[in-house]
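Asker: The lines below spell out each chain.
There are 2 protein chains.
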Amino acid sequence: MFKKSLILLALAFVSACGANEVADQPWRTLDLNNTVLLTLLHGKVVIELAPQFSPKHVEQFSALVKKSFYDGAKFYRVIDGFVAQAGPKDGSSKDKSVPILAIEGQFTTAKNWSFAPVQNDDLFAATTGFKDGFALARDNSDSAWLTHCPGTLAMARGNEADSASSHFYFVIGQAPRYLDKIMTIFGRVVYGMQHIQAIQRTSVIAGEKAVDSRMHTPIVSMKLMTDVPVNERLLIEVENTESANFSEKLVKRRARSHEFFYKKPPSVLDVCQVPVNSRLVKLQG
Amino acid sequence: MFKKSLILLALAFVSACGANEVADQPWRTLDLNNTVLLTLLHGKVVIELAPQFSPKHVEQFSALVKKSFYDGAKFYRVIDGFVAQAGPKDGSSKDKSVPILAIEGQFTTAKNWSFAPVQNDDLFAATTGFKDGFALARDNSDSAWLTHCPGTLAMARGNEADSASSHFYFVIGQAPRYLDKIMTIFGRVVYGMQHIQAIQRTSVIAGEKAVDSRMHTPIVSMKLMTDVPVNERLLIEVENTESANFSEKLVKRRARSHEFFYKKPPSVLDVCQVPVNSRLVKLQG
Numbered sequence: 000m001f002k003k004s005l006i007l008l009a010l011a012f013v014s015a016c017g018a019n020e021v022a023d024q025p026w027r028t029l030d031l032n033n034t035v036l037l038t039l040l041h042g043k044v045v046i047e048l049a050p051q052f053s054p055k056h057v058e059q060f061s062a063l064v065k066k067s068f069y070d071g072a073k074f075y076r077v078i079d080g081f082v083a084q085a086g087p088k089d090g091s092s093k094d095k096s097v098p099i100l101a102i103e104g105q106f107t108t109a110k111n112w113s114f115a116p117v118q119n120d121d122l123f124a125a126t127t128g129f130k131d132g133f134a135l136a137r138d139n140s141d142s143a144w145l146t147h148c149p150g151t152l153a154m155a156r157g158n159e160a161d162s163a164s165s166h167f168y169f170v171i172g173q174a175p176r177y178l179d180k181i182m183t184i185f186g187r188v189v190y191g192m193q194h195i196q197a198i199q200r201t202s203v204i205a206g207e208k209a210v211d212s213r214m215h216t217p218i219v220s221m222k223l224m225t226d227v228p229v230n231e232r233l234l235i236e237v238e239n240t241e242s243a244n245f246s247e248k249l250v251k252r253r254a255r256s257h258e259f260f261y262k263k264p265p266s267v268l269d270v271c272q273v274p275v276n277s278r279l280v281k282l283q284g
Numbered sequence: 000m001f002k003k004s005l006i007l008l009a010l011a012f013v014s015a016c017g018a019n020e021v022a023d024q025p026w027r028t029l030d031l032n033n034t035v036l037l038t039l040l041h042g043k044v045v046i047e048l049a050p051q052f053s054p055k056h057v058e059q060f061s062a063l064v065k066k067s068f069y070d071g072a073k074f075y076r077v078i079d080g081f082v083a084q085a086g087p088k089d090g091s092s093k094d095k096s097v098p099i100l101a102i103e104g105q106f107t108t109a110k111n112w113s114f115a116p117v118q119n120d121d122l123f124a125a126t127t128g129f130k131d132g133f134a135l136a137r138d139n140s141d142s143a144w145l146t147h148c149p150g151t152l153a154m155a156r157g158n159e160a161d162s163a164s165s166h167f168y169f170v171i172g173q174a175p176r177y178l179d180k181i182m183t184i185f186g187r188v189v190y191g192m193q194h195i196q197a198i199q200r201t202s203v204i205a206g207e208k209a210v211d212s213r214m215h216t217p218i219v220s221m222k223l224m225t226d227v228p229v230n231e232r233l234l235i236e237v238e239n240t241e242s243a244n245f246s247e248k249l250v251k252r253r254a255r256s257h258e259f260f261y262k263k264p265p266s267v268l269d270v271c272q273v274p275v276n277s278r279l280v281k282l283q284g
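The listed protein sequences correspond, in order, to chains A and B. Taking numbering that gives the first Met the number 0, the leading residue of the first sequence gets 0, the next gets one more, and so forth. Taking numbering that gives the first Met the number 0, the leading residue of the second sequence gets 0, the next gets one more, and so forth.
Source of the hints: derived by calculation from the structure; they are not laboratory data. Note that the structure is predicted; figures quoted are calculated from it, not measured. Among the hints, a few may not be true.
Repeated chains share a single entry, so a pair holds when one copy, or any two copies, can fit it.
[Stated by the list, open to error] Keeping only pairs whose Cα atoms sit at most 25 Å apart, straight-line, the calculated BS3-like set for lysine-lysine is:
| id | residue 1 | residue 2 |
| --- | --- | --- |
| 1 | LYS43 | LYS208 |
| 2 | LYS263 | LYS55 |
| 3 | LYS262 | LYS55 |
| 4 | LYS248 | LYS263 |
| 5 | LYS222 | LYS208 |
Please model the entire structure based on the sequences and the hints provided.
Answerer: Here it is, written out as structure tokens:
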């Protein structure tokens, strides 16, 4: 099984090379127009948006961020091991002022579409992989979708498919993959995930004192990185998941050849357990 | 596929009933001799130990806890999305004073052994399920093993299988299931996981300033709950994973019949994404 996967990955890399001229760059610079700086009282978080997968959600979210819509909003639904959700006060005029979005839970892939495959016969999909740093899955049709992993940013909604507007959540626990395709994922945390993990939980267990809503973690500010003064910007590069380096990393991660692995684990990879690394670029180029 | 699973689960429940007279109790009281209170500067955490699965590790860990061995130790290796590891200073006389343990990565199951099955054809194992609140997996032999999930407590080790002594880690990210069977899991967090998630990370990304070791989160104290003064005890009950209630919960979780699921997710369950709930019992009985 392992050898077969190796060949599969090698072939995928060759085809990615053909399709993408930057495939040999191991790191990728973020587009500052699609990068958000989230400031919390306890730390700064950088988010990469995904307009290539969820254009309408990114467009609306970016416009809201641009007009400081979220500044002062609270993380009002934070469940350990699940999600940290924020937004304006439910039912407020601010809340109602935002247009409803049609769901963008999956996207159609062109015939020559390439991605970095990770695993076949994943529990929730025929295949998983990465594209532009985002974990995704696909079945055997021409459809693919971003998957819920820790750090995923998605829009909350009501019971109807097309009911999201401005409330969003970060995944803070084991991947709730059952939400794949039925929610719109439109970004992911690329820096400062530990600060998202430190957001005050609002959900308590039976017998425990309720958390006072005044304790809920506020959003100090949320800005597009282009709107942040140059000397306050956090400039991040992320691994290019379509690069040869990343492909080799997947092969190594699957092989577990370090002597620590005195007995080899199954040669499978959970796409949400493969880290896509970031690095901090101190000075703007 | 869903109907087949339903029947499977129903059968499993019937057989569990036959094997276990307390199967109808939805909640289970913790044995205070196998419960640990971990006090951090920012909160209290309760851990349930698993002597039924990893007796030698629990015996040694409990003895260390009893003599306040860990008080003042630091979480010196904390990697976001992976583990928070603590122990005495590496190579110190305290560190070397502790006997080496033989690995207890899996256990043999008796012929009439029962558990609450969750999923067949999991990515890493033939079957997953729960026993006594612990997530586990098994293949088609008479062997089973506890699985790494968020909140899992396991002993760290060197490259050799039998090299663990006192350093331990909590899983704080997506389940690193590739460590199953080759590490000894001997407990899990049943209360206060958000405080484990708030432990200071020690691992930084390229370009970032290193975290000063004086910032590492210390263990204020770690005590067996029986050694905690009665009025300071945190008494927890956890869901009885072999109960009819829990079995029904699994069926419901798989079915996703709430109208929020306007389109049904695949009828599969990731064992690490099934919460085993706790509740706080305010007064000791």
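Asker: For LYS43 and LYS208, with the copy left unspecified, which applies at a CA distance of at most 25 Å: within, between, both, or neither?
Answerer: between (29 Å within a copy, 14 Å between copies)
Asker: What label fits LYS263 with LYS55 when the C-alpha limit is 25 Å: within, between, both, or neither?
Answerer: between (44 Å within a copy, 24 Å between copies)
Asker: From the Cα coordinates, with 25 Å as the cut-off, is the pair LYS248 and LYS263 best called within, between, both, or neither?
Answerer: Classified as within: same-chain Cα gap 17 Å, cross-chain 34 Å, threshold 25 Å.
Asker: When no copy is specified for LYS262 and LYS55, does a C-alpha distance of 25 Å or less occur within a copy, between copies, both, or neither?
Answerer: Classified as between: cross-chain Cα gap 21 Å, same-chain 48 Å, threshold 25 Å.
Asker: Is it within, between, both or neither when you check LYS222 against LYS208 at 25 Å Cα-Cα?
Answerer: For LYS222 and LYS208, only the inter-copy Cα distance (24 Å) is at most 25 Å; the intra-copy one is 35 Å.
Every hint, counting from the list given before, is met by this structure.
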